[in-house]
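Student: With chain U's structure known, arrange chains S, X, L, B and Y on it following the hints.
There are 6 protein chains.
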Amino acid sequence: ATSRNFRQAARLLGLDSKLEKSLLIPFREIKVECTIPKDDGTLASFVGFRVQHDNARGPMKGGIRYHPEVDPDEVNALAQLMTWKTAVAAVPYGGAKGGIGCSPGDLSRSELERLTRVFTQKIHDLIGTHTDIPAPDMGTNSQTMAWIFDEYSKFHGHSPAVVTGKPIDLGGSLGRDAATGRGVMYATEALLAEYGKSISGSTFVIQGFGNVGSWAAQLIHEKGGKVIALGDVSGTIRNKAGIDVPALMKHRNEGGQLKDFHGAEVMDASELLVHECDVLLPCALGGVLNRENAPDVKAKFIIEAANHPTDPEADEDSYQEGSGRVA
Amino acid sequence: ATSRNFRQAARLLGLDSKLEKSLLIPFREIKVECTIPKDDGTLASFVGFRVQHDNARGPMKGGIRYHPEVDPDEVNALAQLMTWKTAVAAVPYGGAKGGIGCSPGDLSRSELERLTRVFTQKIHDLIGTHTDIPAPDMGTNSQTMAWIFDEYSKFHGHSPAVVTGKPIDLGGSLGRDAATGRGVMYATEALLAEYGKSISGSTFVIQGFGNVGSWAAQLIHEKGGKVIALGDVSGTIRNKAGIDVPALMKHRNEGGQLKDFHGAEVMDASELLVHECDVLLPCALGGVLNRENAPDVKAKFIIEAANHPTDPEADEDSYQEGSGRVA
Amino acid sequence: ATSRNFRQAARLLGLDSKLEKSLLIPFREIKVECTIPKDDGTLASFVGFRVQHDNARGPMKGGIRYHPEVDPDEVNALAQLMTWKTAVAAVPYGGAKGGIGCSPGDLSRSELERLTRVFTQKIHDLIGTHTDIPAPDMGTNSQTMAWIFDEYSKFHGHSPAVVTGKPIDLGGSLGRDAATGRGVMYATEALLAEYGKSISGSTFVIQGFGNVGSWAAQLIHEKGGKVIALGDVSGTIRNKAGIDVPALMKHRNEGGQLKDFHGAEVMDASELLVHECDVLLPCALGGVLNRENAPDVKAKFIIEAANHPTDPEADEDSYQEGSGRVA
Amino acid sequence: ATSRNFRQAARLLGLDSKLEKSLLIPFREIKVECTIPKDDGTLASFVGFRVQHDNARGPMKGGIRYHPEVDPDEVNALAQLMTWKTAVAAVPYGGAKGGIGCSPGDLSRSELERLTRVFTQKIHDLIGTHTDIPAPDMGTNSQTMAWIFDEYSKFHGHSPAVVTGKPIDLGGSLGRDAATGRGVMYATEALLAEYGKSISGSTFVIQGFGNVGSWAAQLIHEKGGKVIALGDVSGTIRNKAGIDVPALMKHRNEGGQLKDFHGAEVMDASELLVHECDVLLPCALGGVLNRENAPDVKAKFIIEAANHPTDPEADEDSYQEGSGRVA
Amino acid sequence: ATSRNFRQAARLLGLDSKLEKSLLIPFREIKVECTIPKDDGTLASFVGFRVQHDNARGPMKGGIRYHPEVDPDEVNALAQLMTWKTAVAAVPYGGAKGGIGCSPGDLSRSELERLTRVFTQKIHDLIGTHTDIPAPDMGTNSQTMAWIFDEYSKFHGHSPAVVTGKPIDLGGSLGRDAATGRGVMYATEALLAEYGKSISGSTFVIQGFGNVGSWAAQLIHEKGGKVIALGDVSGTIRNKAGIDVPALMKHRNEGGQLKDFHGAEVMDASELLVHECDVLLPCALGGVLNRENAPDVKAKFIIEAANHPTDPEADEDSYQEGSGRVA
Amino acid sequence: ATSRNFRQAARLLGLDSKLEKSLLIPFREIKVECTIPKDDGTLASFVGFRVQHDNARGPMKGGIRYHPEVDPDEVNALAQLMTWKTAVAAVPYGGAKGGIGCSPGDLSRSELERLTRVFTQKIHDLIGTHTDIPAPDMGTNSQTMAWIFDEYSKFHGHSPAVVTGKPIDLGGSLGRDAATGRGVMYATEALLAEYGKSISGSTFVIQGFGNVGSWAAQLIHEKGGKVIALGDVSGTIRNKAGIDVPALMKHRNEGGQLKDFHGAEVMDASELLVHECDVLLPCALGGVLNRENAPDVKAKFIIEAANHPTDPEADEDSYQEGSGRVA
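Protein chains in written order, with UniProt numbering: chain U, 1 to 327; chain S, 1 to 327; chain X, 1 to 327; chain L, 1 to 327; chain B, 1 to 327; chain Y, 1 to 327.
The hints are simulated quantities; they were obtained by calculation from the structure and are not laboratory data.
Note that the Cβ used here is the ideal one computed from N, Cα and C, for glycine as well.
Incorrect hints may have been included.
Selected chain L positions facing chain S (Cβ under 10 Å, derived; list incomplete) [unchecked claim]: (1) Pro37; (2) Ala56; (3) Arg57; (4) Ala89; (5) His130; (6) Gly171.
Here are the simulated lysine-lysine pairs, PhoX-like style, with alpha carbons at most 25 Å apart [stated by the list, open to error]: (7) U:Lys38 <-> S:Lys21; (8) X:Lys240 <-> X:Lys197; (9) B:Lys154 <-> X:Lys122; (10) X:Lys154 <-> B:Lys154; (11) S:Lys18 <-> Y:Lys122; (12) L:Lys197 <-> L:Lys226; (13) L:Lys259 <-> L:Lys226; (14) S:Lys122 <-> Y:Lys38; (15) L:Lys259 <-> S:Lys154; (16) U:Lys298 <-> U:Lys197; (17) B:Lys154 <-> U:Lys154; (18) S:Lys223 <-> S:Lys154; (19) X:Lys18 <-> X:Lys85; (20) Y:Lys154 <-> U:Lys122; (21) U:Lys154 <-> Y:Lys300; (22) B:Lys38 <-> U:Lys154; (23) Y:Lys154 <-> S:Lys21; (24) Y:Lys122 <-> Y:Lys223; (25) U:Lys250 <-> B:Lys38; (26) B:Lys154 <-> U:Lys38; (27) U:Lys259 <-> U:Lys240; (28) X:Lys122 <-> S:Lys122; (29) L:Lys154 <-> B:Lys38; (30) Y:Lys38 <-> B:Lys18; (31) L:Lys18 <-> S:Lys38.
Same shape as in the complex, but just chain U (with noise of 0.2 Å):
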């Protein structure tokens, strides 16, 4: 799909054909065998590898995935969509994408660390501050970083800046964690006011409570709107008078679940995104909304905010430590 899209895009350009394939071919792809001891005492071997896809508008930048399934071809898809993120969002990097064939959740904590210190021991050389920049991304998170970080140092001296997604004590960013939920809020503010309307006085139907719909309804309602209904595994709830966010963000973080809150009645799952609203926000599972259900949906306003079909919430832009994949 993004190989279609671009050529779309240089078909409206007008690219040369020559300059469109040079476009479209990686500038490097690199795998490698990371073979570690279990923690048995037994061998593993692994595929890990990184594909940078171009580096003509600065170094390159793009998650790291660990999962059982890593497809080379949708690797090669994501490190090219990095390369038109960065771009458009007119930031001097490139794109890459990269990851490890495994199963985190397979792994000790000790397993993954030896793991991710043989690969970063396998491809220091093709990364590093001015170069290519890994994150975190489906099945890492900050940890994973900070052991790039520190085995990447062992060759090339104190480098924080070789990863980014890093924890903040070792010099991560502050609000990495909310970023996408705020660029969801952002999103929503920006096609109100093509129409005339803010999200204070508007109400909103959110799916998903994770790291992207948690941080979209919090800021959503600090900024004055009403968040009606609210959904994911735990429980879905509606309180026509707006739900009170923070008191539900408590309530969460001490361990609740959805359908336990006492500020919000329970309503059933199969008609939260059929529920009346000004703006409904898809923040879970991509794809929910199709054929069958799209003609019953009332709200006047869709923001995607689920851009995966699988896993959500958990490219690069999003996934945070502690959101359990890991462990």
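Tutor: Chains S, X, L, B and Y alone, transformed into the frame defined by chain U:
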């Protein structure tokens, strides 16, 4: 086939299955985009790659091919094969293989130089005297190695040892040209010795008069063997009394075709493999002996000297400058 | 002249004669042979050089010129001048200068690219962000800097800071284009202020409408100055009421010649320097005011904006892309 | 003269004029300022340089001279000459030459050490085992090479191969001392052989008893040649029966002057070159044979062993420690 | 004492004993032999060292001392202290300390320069902008840092950030001179604020008028505090109405002794610490207040500004150029 | 003792006292903290160190010991001893020694591997083929060297020459195993030759049958010497007709104890050193001959082959894999 053979060997050795898996996964694979200006000013992009299979026994070693249909799986297999070859030969090297997807015949010498230099710029950090040492292979030759050596030296200082198969004037090894043919002669000598025979006093039929066949013929002739029939695309000839191989070499080096050689009579090409003789040496295409013609073969011994089904003389051990594949 | 001025300064400062000698000897001079294939396939060799005068105050800084008659002594003098310029301006840099002996106008764009890349390969170890930072100069421009940046980055990783004067898209500084003209305007403003006057309310005659003159004219116009006469090779014009400089810029940018501009009347070129005005700004060739015409000059103030006898606008501070010197 | 000879050779070889030009331009020339504190505490600045002519055949090779009137053009010529010398001798090296403009005799040992170390600091990145390997030359010796080796090693690790001509205890080659004299003996032997003669049975007159002459005399003596006359600044002597060269060496090594040697009679210096003999070997100043004395020369063969008009024994091949030039 | 304090903190934090042990062991200690020629031509060898305690939070930071009795255990403790200081101050640095066992007062400036340069050559690979950044300390000053910076730059390129405390002309920080005194003033201000008081309106007695005491006095004076008594080795003075500190500074900078200052009356040194006042600031030797004089102290507040028993003003934070310790 | 011996030598050589002092101070000493996770998941910190005594004659050379009571002073002495040993043996190396304070017997193989790799990471910049080359020593073996080689190669490329004593399959030297015993045999041969005797025809008593003693016995047997008595902890045996050493080796290699060997009779261990013989070779503990037993020794010659009081066969020259010290 390489992997199947390896797995069989692993079973016989009683290798642990994890170690077996680890030995099958290449140490490192790299793909790079090589964009060059063509002579007409347009841009062209090619994909170059290098598979480094194993370096446990020393720096990796293997050819660089230029071929339009370089198949990644085949190259992976060939890189692995190099690991086993260097190990079996007990030389302190590992295995690798690489190439560029291009038609060397469609590129000018100047385009080939630019392409080789760009490819070298892209992989220079991953090869080296102590890391991985390329060699000529299908579609490349000593000139290609000279370009790699020169470009590599811009980054790492005068480094003749970064490639083998370079021109003799730049430090290449004497005898490389004849090496495969000489190996064929040694194998023949060893086989005959086991049966109480020797080259001197035996008769030989040779298919192919390229790098392998012509050197095999010449060295067998020197050892007193009688080459009684011989053929390539320029003709098939025989002489019961034994062909004067040095004279034939001179004839061919002056541009003559086999069928025009005065010291032998022309025969039908189809009869070559089934010609009466002590030893038959197929030195051209692989797979020439099959179910159909096998029953008619009259030779007492067969030495397999054609190791590749599609381009038999072109592997790293036999390819040499001037064999016309590049031009 | 540079050395004479320096010696005079040294005397005034009471510098030890050994220290004086040491300050005159350049830190390092390098000459390299640059051989490239020309578009017609023949080889051509050029001599490139770099004089690094002094790095006591920081990385050295200075232009790269492409000119057939680059004179080593002159370049030495200019490198030294850069040391004094950076010191007087109190920026933490030293002084350098370099170039290639070639006629950029006789080389195709592709030949210029090859030449620049070979030159960069030959000196890459001696320049660098913390060592010596080239800039455009006579016969070179932001494209030349982009090539140096790209070639240098092959050796040292993404290094935009190795050159200044690169294209803005690659990290070049905004405002570089107008910098010299803006400096002329500031000098004018300062001079007038000393005499209780200001740009607003004064009349100006400007010789030259290239990079320096046109920006000086525009900025003086913005400050309320009245440009009453102006000339370059495409015509000499005047307008007592003040020329509409933005309109003239538009006219010129659309390819128009000065003599065809509607908002002014054509005058004789020879009268420009002796035209009645408050301030005369020679912004074209140096040495235009001499014993013969000096007595006739009627301007009350003269700002010297042409600093080079043969190619006045071409020094490192003023040269910019598109000024036609390369093509 | 070097260039003239080269051009003549180029004509004979039918070299393309562009290639000829390219071969004349040095690969790289570098000049550096070397400032040291003198023993009296004042500063002194010297200009050091290195001309690297050509590295196509291997690392460049050539001497480092310390001389007050080091002439850049002469050094360029000598660097070029080294390229042709290594090529003709078929050793895998290119050509270079360098030096410092100073009077080694006016500097203390400690000042010479400081100067050599500063010079090495300034050029260490441009020389090296695989790049350019200095050697002793006029005004430098094995001690100078030891300083270069030590200083270079601070930057690049223990690197004895960065210089030749170092002290034997630090890895210098045995036999270097006698090498030029031995070459003279071999040339003499080869010349005589062409005429059916041999050293044994011939008579010799030798001018000069320094490094070249004394070793030539000794080796000719060993081969059975009869040295019948011999001279240097300390005297001119003859002995029809043949001078006992080992005894003369002993005499001289004990500080004796030639004129005081008991095994020969003193003769007039002016008669040496015109003395009756089979072979005349001028091993002192160049240019001693000229239009005026040529008609009187009675030798049947002349071997030119003095290759430098002003300091004949001091080139890279002959200079050695202890010959008193530095002290 | 440092370790004891650390162990107490570890106990309070409930640190695992293995982690506690690991935090006590320095990351790296290095000792190097530094041999220099002395001015009289003889050789002298000194032992230089660097203890790098911990880099978990960033590049290590700490002074370089030149002192004849540098005690390894004390230096280890001080390096550890730097780790805790940078952590408590929440700056992203670790801790280190080093020095050379020598009497700086017995070495000439030229010997000190040679010694510093040799020491730098020996440790240059272990320090660096991203690794470990020295600073002046006892017996060293900004000139020492300039030598380290210059020598280090020979190996790693222009690197002003490899040291702090360098001369301002070479990039040193403004305000370093006054930093310790300013810290004393801030501490005083904070302490008084806790008791509802302020500097303005309080009276002060200051022991010591070196780098710490004079700046503390000046800054307290600026804030409106009344310095009523003050002493150093050149005299002890008092003025009930408040000493005019700027005038006293001028007096001292012109070489005057405290006892000769006209704006105060001389008093007995032994009475200084027990003088009536609101705040007493011992800014000279440590340990001046003890069991014997403590009962007599009349100050309501005491600010400890003397942190070192033998050389109180000489730690990394306070030492500055020109304080005469080296000369 | 080493320093005392050195001082005595210095006096005999008339060394300048400053040079003497300079020769005693090590070139460089380094201590590093090595923290590893133990198999049970807890952290453990060890102190590793390396003393590099002198590199004037070439790269430094010396063992790495793993021992709980590694004593810095002893290691300093041993490093110095290596300098004198390499100098006396006239090999172009300097001297070094190092180790880690740990009980190798208390660490699992996997913990030893992690510890060795961390230690190598901490010192990799300070050792190297041209700088300092470790070797096995007490508590380390060829496996330890293989780990160092592998870890070092991650930083510097395939570098087998960074250690000696590595496994033969990775490039270790043949004959290392027997080297010390062979040296003992050569020393014996030389001693006897001085007295007009030879190994053949002499009788030998050997204490110790470990690496040194068993090889000495075998090589003496090969030279025709008669080993008439022999002992280690597993028994003491004698045979007037000469023990069949190859048979004894076979017996021992099959796990047999000396006392169970059929080709000799068991004797009392206390009589071994005072047994009648031509040559006595103590090859076990040092210090076994003392005031008390010396008068009773009947051997005519004694060869000291036990050089270390506590662990006689464990020095760098004799230690080998499989001697059971690690396991």
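Student: Determine for every hint whether it applies to the structure shown.
Tutor: Structure-based check of each hint:
1. Because the beta carbon of Pro37 (chain L) sits about 33 Å from the nearest beta carbon in chain S, more than 10 Å, this interface hint is broken.
2. Annotation: interface hint on Ala56 (chain L) holds; nearest CB of chain S at approximately 9 Å, less than 10 Å.
3. Given hint, Arg57 (chain L) at the interface with chain S, holds; its Cβ is 8 Å from that chain's nearest Cβ, closer than 10 Å.
4. With its C-beta approaching chain S no nearer than about 15 Å, Ala89 (chain L) sits outside the 10 Å limit, and its interface hint is violated.
5. Evaluation of the His130 (chain L) hint against chain S yields a held restraint, the C-beta minimum of about 4 Å falling below 10 Å.
6. A hinted interface residue such as Gly171 (chain L) counts as satisfied when its beta carbon comes closer than 10 Å to some beta carbon of chain S; here the least separation is about 20 Å, so the hint is violated.
7. A hinted pair counts as satisfied when its Cα atoms are at most 25 Å apart, and Lys38 (chain U) with Lys21 (chain S) qualifies at roughly 15 Å.
8. The straight-line distance between the Cα atoms of Lys240 (chain X) and Lys197 (chain X) is roughly 20 Å, inside the 25 Å bound, and the hint therefore holds.
9. The hinted pair formed by Lys154 (chain B) and Lys122 (chain X) meets the criterion: a straight-line CA distance of about 20 Å does not exceed 25 Å.
10. Between Lys154 (chain X) and Lys154 (chain B) the CA atoms are separated by roughly 23 Å; this keeps the pair inside 25 Å, and the hint holds.
11. Using a Cα cut-off of 25 Å, the hinted pair Lys18 (chain S) and Lys122 (chain Y) is violated, with the two alpha carbons roughly 31 Å apart.
12. For the hint pairing Lys197 (chain L) with Lys226 (chain L), the CA-to-CA distance comes to about 14 Å; that is within 25 Å, so the pair holds.
13. A C-alpha spacing of about 19 Å is found between Lys259 (chain L) and Lys226 (chain L), which places the hinted pair at or below 25 Å, so the restraint holds.
14. The suggested pairing of Lys122 (chain S) with Lys38 (chain Y) is violated, with an alpha-carbon distance near 41 Å, which exceeds 25 Å.
15. Taking the CA atoms of Lys259 (chain L) and Lys154 (chain S), the gap is about 58 Å. The hint is violated against a cut of 25 Å.
16. For the suggested pair Lys298 (chain U) and Lys197 (chain U), the alpha carbons sit about 17 Å apart, so the restraint of at most 25 Å is met.
17. Using a Cα cut-off of 25 Å, the hinted pair Lys154 (chain B) and Lys154 (chain U) holds, with the two alpha carbons roughly 23 Å apart.
18. Proposed proximity of Lys223 (chain S) and Lys154 (chain S) is contradicted: the alpha carbons are some 46 Å apart, above 25 Å.
19. This hinted pair checks out: Lys18 (chain X) and Lys85 (chain X) have alpha carbons roughly 22 Å apart, not beyond 25 Å.
20. Distance restraint check for Lys154 (chain Y) and Lys122 (chain U): the Cα-Cα separation of roughly 9 Å lies within the 25 Å cut-off, and the hinted pair is therefore satisfied.
21. Between Lys154 (chain U) and Lys300 (chain Y) the CA atoms are separated by roughly 59 Å; this puts the pair beyond 25 Å, and the hint is violated.
22. Restraint check for Lys38 (chain B) and Lys154 (chain U): not satisfied, since their Cα atoms lie roughly 39 Å apart, outside the 25 Å limit.
23. Distance restraint check for Lys154 (chain Y) and Lys21 (chain S): the Cα-Cα separation of roughly 22 Å lies within the 25 Å cut-off, and the hinted pair is therefore satisfied.
24. Pair hint Lys122 (chain Y) plus Lys223 (chain Y) does not hold up; C-alpha atoms about 47 Å apart against a cutoff of 25 Å.
25. The straight-line distance between the Cα atoms of Lys250 (chain U) and Lys38 (chain B) is roughly 72 Å, outside the 25 Å bound, and the hint therefore fails.
26. Only pairs whose Cα atoms come within 25 Å are accepted, and Lys154 (chain B) paired with Lys38 (chain U) is rejected, the gap being roughly 46 Å.
27. Of the pairs offered as hints, the one joining Lys259 (chain U) and Lys240 (chain U) holds, with about 16 Å between alpha carbons and a cut-off of 25 Å not exceeded.
28. This hinted pair checks out: Lys122 (chain X) and Lys122 (chain S) have alpha carbons roughly 19 Å apart, not beyond 25 Å.
29. Restraint check for Lys154 (chain L) and Lys38 (chain B): satisfied, since their Cα atoms lie roughly 21 Å apart, inside the 25 Å limit.
30. Simply put, Lys38 (chain Y) and Lys18 (chain B) have alpha-carbon atoms about 11 Å apart, close enough for the 25 Å limit, and the pair holds.
31. For the suggested pair Lys18 (chain L) and Lys38 (chain S), the alpha carbons sit about 24 Å apart, so the restraint of at most 25 Å is met.
Of the numbered hints stated above, those contradicted by the structure are hints 1, 4, 6, 11, 14, 15, 18, 21, 22, 24, 25, 26, listed in ascending order.
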